[in-house]
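J.: The residues making up each chain are set out below.
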Amino acid sequence: MKPTPRRLHGDLAVWIFILAELVAFMAFFLAYAFTRTKHLELFNLSQLSLDKRSGAINTLLLLSGSAFVVAAIDALEAAKTRLGANYLLAALGCGIAFLLVKSSEFAAKFAAGISLSTNTFYMFYLSLTGFHFLHVLLGVVILFILWRQACAGVYTPQNLHGVESGAAYWHMVDLVWLILFPLVYVMR
Amino acid sequence: MLPHRLLALQPPFRLWLILAIATLVTWQVGEQGASGLAITSSLFALAIYKGSLIANHFMRLNQAPRLWQTLVLSWLILTCSLILLAYYLGGK
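Protein sequence lines, in the order shown, are assigned to chains A and B.
Using numbering that gives the first Met the number 0, read the first sequence as starting at 0 and increasing by one per residue.
Using numbering that gives the first Met the number 0, read the second sequence as starting at 0 and increasing by one per residue.
None of these hints come from the bench; they were simulated from the model.
In this text, all values refer to a predicted model and were calculated from it rather than measured experimentally.
Possibly wrong hints are sitting among the right ones.
Stated by the list, open to error - Computed footprint of chain A on chain B, listed as stretches where at least three residues anywhere in the stretch have a Cβ under 8 Å from a Cβ of chain A:
| id | region |
| --- | --- |
| 1 | 9-15 |
| 2 | 34-42 |
As the list claims (entries may be wrong) - Here are the computed distance ranges between Cβ atoms for each label pair:
| id | chain 1 | residue 1 | chain 2 | residue 2 | range |
| --- | --- | --- | --- | --- | --- |
| 3 | A | 3 | B | 84 | 33 to 41 Å |
| 4 | A | 143 | B | 48 | 26 to 34 Å |
| 5 | A | 153 | B | 9 | 22 to 30 Å |
| 6 | A | 33 | B | 61 | 27 to 35 Å |
| 7 | A | 147 | B | 87 | 45 to 53 Å |
| 8 | A | 106 | B | 32 | 22 to 30 Å |
| 9 | B | 16 | A | 150 | 26 to 34 Å |
| 10 | B | 17 | A | 11 | 49 to 57 Å |
| 11 | A | 10 | B | 73 | 15 to 23 Å |
| 12 | A | 117 | B | 34 | 20 to 28 Å |
| 13 | B | 88 | A | 130 | 37 to 45 Å |
| 14 | A | 36 | B | 32 | 16 to 24 Å |
| 15 | A | 33 | B | 20 | 28 to 36 Å |
The beta carbon of each residue, even a glycine, is placed where N, CA and C say it ideally should be.
Could you put together the complete structure from these sequences and hints?
T.: Have a look at this one:
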């Protein structure tokens, strides 16, 4: 039996965009890590105020969203359109739940008088997680569109390009958070 | 009973279970306030492991042209390694 030829799942332009996003996040992460070396006490002290539990819940929500997206593509590949759409809806629910948990975390910080200008740690915390929040927001919009398209029967085993491209973007948002969580919430 | 039930899970949910357990470990390390080079190295080794599962199996890069798989996995390893380097320099 001939092996299946290797192929990129999703649009090449989307993958180039994903690579650019990964590089941008990398620059942000390294700026945080190397700035931290000059303000160790401030970073370690300020970090204590972060809600690690909500960070962990958000990690689980992103991972769940990613698993549902993979299950959706598997179902669509098997021509199970309704099941695929339901999995995409579940992923959408995870994305919205992430935004709600993160919004309440931001609200608690703002209520405590914390802003970008409070100190260097909070400047990084708010801008890094805020930048990521915007990516999740875009991911949620994409998942909504994918769900609507799946409900309309657009995706078939022969036509999965669109849903694979959206899925790749969603997984990138997840991948980046897997580094952001230990870096900002846990590492001390 | 449990191993049978785990095997009955679809592959993405089996992978999800591994990723979720690894996340709980990271969270607990955070709650304990554990620190030091060994702990931090373990945290980021775990992040590389989780990230490689996402890249290879969720993004399906294990089926993609080797260049793309190498690019994303290199990004993951390089990012975590440079973070660790910064951590090491900060502790000196």
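J.: Going through the numbered hints above, which ones does this structure break? Give me the numbers in ascending order.
T.: 10 and 13
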